[in-house]
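There are 2 protein chains.
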Amino acid sequence: MSGLVLHNYFRSSTSIRLRAALNLKGLGYQYVAHHLRKGEHHSAAYLAINPQGLVPALELDDGTVLTQSLSIIEYLDEVYPQQPLLPGTPLDRARVRALAYAIACEIHPVNNLRVLGYLKSTFGADDTAVAVWFRHWVNETFAPMEKMLAGDPRTGMFCHGDKPGLADLCLFAQVVNNKRFDVDMSPFATIRRIYENCLAVPAFADAMPEAQPDAE
Amino acid sequence: MSGLVLHNYFRSSTSIRLRAALNLKGLGYQYVAHHLRKGEHHSAAYLAINPQGLVPALELDDGTVLTQSLSIIEYLDEVYPQQPLLPGTPLDRARVRALAYAIACEIHPVNNLRVLGYLKSTFGADDTAVAVWFRHWVNETFAPMEKMLAGDPRTGMFCHGDKPGLADLCLFAQVVNNKRFDVDMSPFATIRRIYENCLAVPAFADAMPEAQPDAE
Numbered sequence: 001m002s003g004l005v006l007h008n009y010f011r012s013s014t015s016i017r018l019r020a021a022l023n024l025k026g027l028g029y030q031y032v033a034h035h036l037r038k039g040e041h042h043s044a045a046y047l048a049i050n051p052q053g054l055v056p057a058l059e060l061d062d063g064t065v066l067t068q069s070l071s072i073i074e075y076l077d078e079v080y081p082q083q084p085l086l087p088g089t090p091l092d093r094a095r096v097r098a099l100a101y102a103i104a105c106e107i108h109p110v111n112n113l114r115v116l117g118y119l120k121s122t123f124g125a126d127d128t129a130v131a132v133w134f135r136h137w138v139n140e141t142f143a144p145m146e147k148m149l150a151g152d153p154r155t156g157m158f159c160h161g162d163k164p165g166l167a168d169l170c171l172f173a174q175v176v177n178n179k180r181f182d183v184d185m186s187p188f189a190t191i192r193r194i195y196e197n198c199l200a201v202p203a204f205a206d207a208m209p210e211a212q213p214d215a216e
Numbered sequence: 001m002s003g004l005v006l007h008n009y010f011r012s013s014t015s016i017r018l019r020a021a022l023n024l025k026g027l028g029y030q031y032v033a034h035h036l037r038k039g040e041h042h043s044a045a046y047l048a049i050n051p052q053g054l055v056p057a058l059e060l061d062d063g064t065v066l067t068q069s070l071s072i073i074e075y076l077d078e079v080y081p082q083q084p085l086l087p088g089t090p091l092d093r094a095r096v097r098a099l100a101y102a103i104a105c106e107i108h109p110v111n112n113l114r115v116l117g118y119l120k121s122t123f124g125a126d127d128t129a130v131a132v133w134f135r136h137w138v139n140e141t142f143a144p145m146e147k148m149l150a151g152d153p154r155t156g157m158f159c160h161g162d163k164p165g166l167a168d169l170c171l172f173a174q175v176v177n178n179k180r181f182d183v184d185m186s187p188f189a190t191i192r193r194i195y196e197n198c199l200a201v202p203a204f205a206d207a208m209p210e211a212q213p214d215a216e
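In order, the protein sequence lines correspond to chains P and C.
Those letters in the first sequence? Residues 1 to 216, per UniProt numbering, in order.
Those letters in the second sequence? Residues 1 to 216, per UniProt numbering, in order.
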């Protein structure tokens, strides 16, 4: 056990990214669940840990708290060089980060629980309208990303070559999340293939929502 | 002139980030404007450069195209070490990236032109409802970020110490963007102070929308 404490929620896709990263690095951690639908991430106790009130957050041995899943993953990759999550050259790293950010900056934030809640409470969106919204933003990014992956010889079993990395963490978590809104994945053959290849890796399978202690 | 070609739009906040980064590094570039409100980023010519149809994109000397502003900035920081945009230790880098991503992943994507357009076309949001939405997501992140900045001794003239970096690029661009929606910045003294310190640096002032050739 490394002394790491992971504050997270079984279904949160940013939590899935980070759990899979920790698993790939072979880092054990204490699992602390914060139930997002019950608002537990807005408790005073959790806001003292992460003033943003978001999961995941990672507490280090000395009590230092790291926030923002992608920042934590870059940190882990710098401090624990085993199973690198970024490739060796600046150009290749730029490719992998761009793929990761396409999901992390274009899909995930817009489809967050709190954004969907705002659509319902303020604009009167029903479940159908919310699902249409969710699928729209997935398609807006997955359609070009499918082309970018399929058309680049650097794509292998995973987004970049034959070992999983930062982009795969984001892709995997997004595809898991998509299932809650019946996203039609049939146009995205390469993305589906990479997802399946991830799922065959225990580090990813063990990061799935249903494998967590707070799963419902 | 470095042979770099910047595809961007004067008012886009991700373009502002990247222009300021290029300026801080002292890298000249050819400025190519794509008018977002006229949909020029969806032209076949631009989609051949960036299949995502988003700005900014940076073309290198050899025609390689980099996308996603934060990925491009990390690339520039790796290849051009002058004026480093990230600090020297993994823990400090994690802090700076987390501040940058809080803006890049929690505020900017939700307040993007295309998202605001969807609110209008599908949910019938008027200009007032769009402005309320915009300010809501700024406040959701700026409120905790103000605490995180004000309460950390590593905050200096800028987000991290006395030299501008990755987090300042995002903060600066967001504050510029906020002006279009009359965000009340009075609760955010530290963020305002950092913004003013950025504005006093020519690399940032020269990245402002009104200083660009396509400004209206």
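Just so you know, the hints here were simulated from the structure itself, not pulled from any lab data.
Incorrect hints may appear among the rest.
Where chains are identical, the list cannot tell them apart; a pair therefore holds if satisfied intra-copy or between any two copies.
What the hints assert, rightly or not - Computed cross-link-like contacts, DMTMM-like style, restricted to lysine to aspartate or glutamate with a CA-CA straight-line distance of at most 20 angstroms: (1) Lys-38 - Glu-216; (2) Lys-179 - Asp-214; (3) Lys-120 - Asp-162; (4) Lys-38 - Glu-140; (5) Lys-147 - Glu-216; (6) Lys-25 - Asp-162; (7) Lys-179 - Asp-62; (8) Lys-147 - Glu-59; (9) Lys-120 - Asp-61; (10) Lys-179 - Asp-206; (11) Lys-120 - Glu-196; (12) Lys-163 - Asp-62; (13) Lys-38 - Asp-184.
>> Reference check for the pair Lys-25 and Asp-162, CA-CA at most 20 angstroms: within, between, both, or neither?
In response: Cα proximity of Lys-25 and Asp-162: one copy only (16 angstroms, versus 34 angstroms across).
>> As a check of your reading, is Lys-147 near Glu-216 (CA-CA no more than 20 angstroms) within one copy, between copies, both or neither?
In response: neither (36 angstroms within a copy, 34 angstroms between copies)
>> My question is about Lys-179 and Asp-214: at a cut-off of 20 angstroms on alpha-carbon distance, are they close within one copy, between copies, both, or neither?
In response: within (19 angstroms within a copy, 42 angstroms between copies)
>> At most 20 angstroms between CA atoms: does that hold for Lys-38 and Asp-184 within a copy, between copies, both, or neither?
In response: neither (29 angstroms within a copy, 30 angstroms between copies)
>> At most 20 angstroms between alpha carbons: which applies to Lys-179 and Asp-206, within, between, both or neither?
In response: Within one copy, since 17 angstroms is at most 20 angstroms while 45 angstroms is not.
>> At most 20 angstroms between alpha carbons: which applies to Lys-179 and Asp-62, within, between, both or neither?
In response: neither (38 angstroms within a copy, 40 angstroms between copies)
> What label fits Lys-120 with Glu-196 when the C-alpha limit is 20 angstroms: within, between, both, or neither?
Replying inline: neither (33 angstroms within a copy, 37 angstroms between copies)
> Can you tell me if Lys-120 and Asp-61 fall within 20 angstroms by alpha carbon in one copy, between copies, both or neither?
Replying inline: neither (40 angstroms within a copy, 48 angstroms between copies)
> Is it within a copy, between copies, both, or neither that the alpha carbon of Lys-147 lies no farther than 20 angstroms from that of Glu-59?
Replying inline: Answer is between; shortest inter-copy Cα gap is 19 angstroms, intra-copy 38 angstroms.
>> Please sort Lys-120 with Asp-162 into within, between, both or neither, judging by C-alpha distance up to 20 angstroms.
In response: neither (42 angstroms within a copy, 43 angstroms between copies)
> Between Lys-38 and Glu-140, at a C-alpha cutoff of 20 angstroms, which is it: within one copy, between copies, both, or neither?
Replying inline: Cα proximity of Lys-38 and Glu-140: across copies only (19 angstroms, versus 31 angstroms in one copy).
> Taking 20 angstroms as the upper bound on the Cα-Cα distance, should Lys-38 and Glu-216 be classified as within, between, both, or neither?
Replying inline: Classified as within; 13 angstroms inside a copy, 47 angstroms across copies.
Figure legend: structure checked against the earlier numbered hints; hints not met, in rising order: 3, 5, 7, 9, 11, 12 and 13.
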